[in-house]
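Participant: Read off the chains here:
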Amino acid sequence: MTTDERMSMAAALNRALADALEADDRVLVFGEDVGPLGGVFRVTDGLAARFGERRVFDTPLAESGIVGTAIGMAMNGLRPVVEMQFDAFAYPAFEQITSHLAKLRNRTRGRVELPVVIRIPYGGGIGGVEHHCDSSEVYYTHTPGLRVVSPGTPEDAYGLLRAAIDSPDPVVFLEPKRRYWAKDAVSLAPADSLDRAVIRRPGRDVTLIAYGPMVATALETAEAATDEGWDVEVVDLRSLSPFDDATVAGSVRRTGRAVVVHEASGFCGYGAEVAARITERCFHHLHAPVLRVTGFDIPYPPPKLEEHHLPGVDRILDAIARLQWDDEVVPARPAGEVQHA
Amino acid sequence: MTTARQRSLLPSDTPLTLLGTDGEPTTAEELPADEVLLELHRRMVVGRRFDTQATALTKQGRLAVYPSSRGQEACQVGAVLALEEQDWLFPTYRDSVALVSRGVDPVETLTLLQGGWHLGYDPYEHRVGPQCTPLATNTLHAVGMARAAQLKGEDSVALVLLGDGATSEGDTHEALNFAGVWQAPVVFLVQNNGYAISVPMSKQNAAPSLAHKGIGYGVASELIDGNDPAAVHTTVREAVAAARAGAGPTLIEALTYRVEAHTNADDANRYRDADEVAAWLGKDPVDRLERHLTSRGLLDDARRAAVAEEAEAFAASVRNRVNVDVEPDPAELFTHVYAEPTAALREQAGLLAEEIAGAKS
Ligand SMILES: Cc1ncc(C[n+]2csc(CCOP(=O)(O)OP(=O)(O)O)c2C)c(N)n1
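Protein sequence lines, in the order shown, are assigned to chains A and B. Going letter by letter, the first sequence gives residues 1 to 341 in this note's numbering. Going letter by letter, the second sequence gives residues 1 to 361 in this note's numbering.
If you're looking for bench data, these hints aren't it; they were derived computationally from the structure. This one's a predicted model, so the numbers in the text were calculated from it and none came from an experiment. Keep in mind that a hint or two might mislead.
EDC-like, lysine to aspartate or glutamate: derived pairs with alpha carbons at most 16 Å apart [what the hints assert, rightly or not]:
#1 283/B x 22/B
#2 152/B x 25/A
#3 304/A x 130/A
#4 183/A x 5/A
#5 59/B x 260/B
#6 152/B x 130/A
#7 152/B x 24/A
Partial chain B-side listing against chain A, Cβ under 7 Å, derived [what the hints assert, rightly or not]:
#8 144
#9 174
#10 177
#11 202
Positions of the beta carbon are idealized from the N, C-alpha and C atoms, including for glycine.
Using the sequences plus the hints, can you model the full thing?
Facilitator: This is the structure in structure tokens:
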């Protein structure tokens, strides 16, 4: 069933949910406002009408309750796909996610399997007010037992969500909300693996590593970089945990230079992990330190200032420029803007 | 006669008691059948012996810690005996006697405390959720389990055990609310043993009772004497039957007392006095049922001796089996993190294996 259609990421996610509900009647979709309203981003639009209240339903407004009951349902053979309305509103469920969802397989020596997917619209760039724009990925990636996935394209949104729902492991599925409306061609097939990064754009000179909301920005940067004569390779991680070392290290060994980009604050951020892994595996292939381009180490700013916080093409180009192309000494930059690994 | 179910959502002011401390019936309400009372007695005696054995094993260093439920046997046994095979039990760390009563291998109930692994038993074998350490989180698991049963058209009910302290946690409130909205087949049994470690009820709750917390969620609530096995059993059985029949959830507050300290590591003398403990010892659930059964001629010396002998044999078997060094396999550390170990975990497993081999050679 691989028809290529152009659709937005939100539409692709909606289609993935519909196809999963159709394919397996153990699948349930629930959360806040996901029923008749179709979710605040309309990702669940039409599902309640099509599949009925038994399969797609609104819950009381309580995130811990949503995840905690999903755990009990999964213990009883169902496959809940729950929505947390916004990134920062998932925090009340944090204990259920980290202490129970992530650990029950381990605590029970494999006897309890929890195929639960937690969909979280995350990240900034939509002019949202406070608590609506957090990049909370490392809270989850730091927790063994969880898979953490973030699609960067509509096609991956479809394929990875289908694969996440099929996964026997719990998956935190981070939807880059600012890309919900971007359209692209989508072939409607589940991803064959939840564990693999992909090379979105091949290049010789430098590897840009991005995921979720930053994939499009990285691709834009790669285009712009050709003006400077740099041939930029873009790796889209897709799976933040587990991490695909093979694809990333393979790329960096070829290019010898790497820049990691993410929206979240840099300090103890996901880029630190990526930079460390690259250094451990590719040190002798590197012509320059691995650089991170990240959001500043500040609480997410108000809408009128978010453009200053979020990494954009210029800031990434600037980092690429500083990759010691001619072995000249590069001047230090203010912390938070571009940081040396 | 109105059933407990037909009474309003509002719990009664005085806890329901069917058997007085002297063992005499206190109301005209029917007691459980004779064979049920005898079974409650047998299981409480065995449970208590198991509990003292487990406490003794902490002194020998065989268990890292043990939270005793001595004095709470009526709750643990009375409730479990009200469940059918298809029902689920969601216990806390203090409910080992309930687990044993449900048929879980006693040594497997102690695995968590023994340090060999986080859980010893298969939750699906007896339909018993993993013993839960973070407070109140199991309430939501029980509601989810019950809701799934409802959606799947199964007739199973989930019984969740929690303590008085756990009622202050947000999850308890979310669970009661979800259960009320969904009319889920779930029964909440709060064993109010007076203290959350050292914190007394007066600092935990301002409502007239913990059972009153059900009203706000539209959950029928009962206040009962938790040291009366007949009252516990009857009330839980009725609540389970109501849930099974589609009448929704029930919150039961059972007033009981933790005779021992919070765990073997706790010093209860710092927060309660001996008079209080002595007063509660006079309400002992096992003594109470024994008095009743004896006065009715249902329990004679021969049966009493037979039950004591069974309890002794049970404890001896636990003792012998726990007195064996547990050597968990370190390789298993990596086995159950994901359905399949990731590349990174396989690498780390290899590293640990090398380290162990190196240390041995
Ligand atoms: C979320 C959480 N906070 C704190 C603790 C530490 N703790 C363990 S037992 C306990 C008291 C629990 O009291 P209660 O719910 O009345 O149960 P009881 O131990 O009396 O059976 C506390 C505070 C915990 N286990 N979980």
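Participant: Each hint should be assessed against the structure and marked as holding or not.
Facilitator: Against the structure, the hints come out as follows:
{"no.": "1", "hint": "283/B x 22/B", "in the structure": "holds, 9 Å"}
{"no.": "2", "hint": "152/B x 25/A", "in the structure": "holds, 10 Å"}
{"no.": "3", "hint": "304/A x 130/A", "in the structure": "holds, 12 Å"}
{"no.": "4", "hint": "183/A x 5/A", "in the structure": "holds, 10 Å"}
{"no.": "5", "hint": "59/B x 260/B", "in the structure": "holds, 14 Å"}
{"no.": "6", "hint": "152/B x 130/A", "in the structure": "violated, 40 Å"}
{"no.": "7", "hint": "152/B x 24/A", "in the structure": "holds, 14 Å"}
{"no.": "8", "hint": "144", "in the structure": "holds, 2 Å"}
{"no.": "9", "hint": "174", "in the structure": "holds, 4 Å"}
{"no.": "10", "hint": "177", "in the structure": "holds, 5 Å"}
{"no.": "11", "hint": "202", "in the structure": "violated, 27 Å"}
Of the numbered hints stated above, those contradicted by the structure are hints 6 and 11, listed in ascending order.
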